[in-house]
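Participant: Each chain is listed here by its residues.
Protein chains: 2
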Amino acid sequence: MAKGAVTQAAGFLAAGIACGLKRSGKRDLALIHCPGGATAAAMFTTNKIVSAAVDVARRHARNARIYAVVINSGNANACTGQKGIKDAIAMCQTTAKHVGAEPHHVLVASTGIIGHPLPIAKVKAGIASAAAALASSTAAGQDFARAIMTTDTRCKEAVGAVRISGKDVTIGGTAKGAGMIGPNMATTISVITTDAAISKSMLQKAMAAAVGSSLNKLTVDGHQSTNDTAVVLASGAAGNPPITRPDARYRAFAAALMGVCEDLTRQMALDAEGATRMFKVIVAGAATQAEAAKAARAVADYDLVKCAVHGGDPNWGRIICAVGSCGVRLDEKKLACKIGDIGVFAKGRPIKFDAAKVSDVIRKEYHTITIQLGAGNHTDFCYGCDLSRGYVTINADYHT
Amino acid sequence: MAKGAVTQAAGFLAAGIACGLKRSGKRDLALIHCPGGATAAAMFTTNKIVSAAVDVARRHARNARIYAVVINSGNANACTGQKGIKDAIAMCQTTAKHVGAEPHHVLVASTGIIGHPLPIAKVKAGIASAAAALASSTAAGQDFARAIMTTDTRCKEAVGAVRISGKDVTIGGTAKGAGMIGPNMATTISVITTDAAISKSMLQKAMAAAVGSSLNKLTVDGHQSTNDTAVVLASGAAGNPPITRPDARYRAFAAALMGVCEDLTRQMALDAEGATRMFKVIVAGAATQAEAAKAARAVADYDLVKCAVHGGDPNWGRIICAVGSCGVRLDEKKLACKIGDIGVFAKGRPIKFDAAKVSDVIRKEYHTITIQLGAGNHTDFCYGCDLSRGYVTINADYHT
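Respectively, the protein sequence lines represent chains A and B.
So in our numbering, the last spot in the first sequence is 400, and the numbers never skip.
So in our numbering, the last spot in the second sequence is 400, and the numbers never skip.
Simulated restraints, written as ranges between beta carbons of each label pair: (1) A:E365 with B:K97: 48 to 58 Å; (2) B:K83 with A:T368: 28 to 38 Å; (3) B:K97 with A:T368: 47 to 57 Å; (4) B:I85 with A:A356: 24 to 34 Å; (5) A:T46 with B:D341: 27 to 37 Å; (6) B:E332 with A:G100: 29 to 39 Å.
SDA-like, lysine to any residue: derived pairs with alpha carbons at most 25 Å apart: (7) A:K48 with B:K280; (8) B:K357 with A:I394; (9) A:K357 with B:D397.
Everything labelled a hint here was simulated from the structure, so no lab data went into it.
Yeah, the Cβ is synthetic: ideal placement off N, Cα and C, and Gly gets one too.
Model the full structure from these sequences, guided by the hints.
Facilitator: Following this line, the structure appears as structure tokens:
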């Protein structure tokens, strides 16, 4: 894992400090600053109930230049009414004042418990401390990554590099998220920085594609939070002629960005609440793309499949059951399933297989489940992780 | 709990014996016989992949008279191809031979592991033993109830009584099911007997209504099995003039049948894999009936809500999150939530409440969660249960 990822690209300063939101006293206020201003692209939760921070950030993200992103953990500032909106705006104002920018050029995100008013005085003091601590060092980048964590047991950081028009471009990102993760949204809170010069529309396009194939394909418990936010900031400090069209340079950048997002997604799956391993469900032969995605998600979300993965059990019956009940078209006579490279079901019938060998595949940190529906030629996938007693412990014993 | 429920109504003999399908040596072959023939109504899983038993029983259930129902546990006879169909038919043939009926007047059901061929010789011998043990005693009814169990830790049995045209009518039922329970299907395996005289169409109507408001409203893990079957047999032995129209007599019978199904549903929820308590989610103010049902199910299926219930935590934030992300229309300004009778959220804002009091409500065996969407005037509900470490233990450590 790359350390201090968000300060690897040129043009960014970061900080992460403790301002007293987390009872543990751990870091809970993260600030990133791009003194030269950055082009930004952002994606947000599709939950109908959203954090005040999402409400404010969604508007600010439309602006051409973004100078800072401020994030607090320990409190979601969701279901907090007008005070919540005021507080989210105050976070932008305080940040703007300290970094010398306009409030609407600041993005804000919050993560933590829902329905508690933000202790805004603490947050404002925290922003002042964070602004004073801003640095481009690896340590500062790591502090930032730590300060956005909630139930995560470790930081998620990833860095990618790509040559564009003879210039070295760096992309670095961090993400937080361990539970309440479902696809079809900009999952969790992710912040990516790059020194690429790229237009807002191309950055948005690259980010949508990267998130669509990575963060949006991970389901831990099928849950969308009120606060999910993914942001990419491009400082342009690498000095490449700006990417403004979907050409080869764009594709090189987009591929590198996707690599970073995929790396973060993998790290999130493996640090999911209670998770000990992850898997990728690939559904082929679907009648439509949407049905392929639906079936893949149905399998990855199926608690009985997740439990079987946890137990290392090649219980293909549960996979077939999930596929059969999710409402997608299939041809039972062509239905097939592989765990890793080993066929366990084909032409609608079980295949004899070496259960110990398949168990070994499942017990690895990462394996694939491939399903052929026999109803068309569309393919899609989803990442999932196992369901353990640890998930229950974390979520039953956690108290509001 | 009523013991030996399926032999309480006049006209039925039952048996439950062990034929060697369960490694534990427990009872795994259940037989019910109605010497005078019964009117039958049945509902089956809507999973696209179904057990051979479902395939066969679906056809046989169309017949006017049913003389027997044979059920094995320990093996689902699902994903077993042509041999599976042959075996399911053989179960009907063997039963028919022993009770003196036609094979197509016998219903068959199987429950247990998917994808293993049925050891049909054992099953045939078991049917012979069961036929020899048939009795109308309470003990025989209990044996039947035990023989359909899989991961259930206890029998589920319920009895209802109703006067119809001056005759005492009895309705008795048993159900098995502990996991892989989702709504929108005839959940699990349920067998109900009654001595009412009632036409097939009225019996089907009453059964559909009863299952629709009980078994179909329970979600343990949102999963539909390949084998779910619910059957009601009416012997007519009570001697009432047959119910043939949706009149007051029909309504009295239907209400009693629903009572039995609701009782069985409650017992299933409380014996769900790892469950320690259950809850009812009532969604009001939905734009359509379907959206009310969808939102209720989304909350009942939400792992984070289930964990909070397990922990006795009044975490209304997770409830609101589930509602917000399930895709139904809502008016955030009117959104409200009660746990038991205590308001925790109203007009889109948290309400101050006594957390200890709400915890006490949640820690009861049964509580309600009521949600107002503010988007219309449709209401629906769903039953759920808590998610515990026990669920994971049962489903991760269970090996194929």
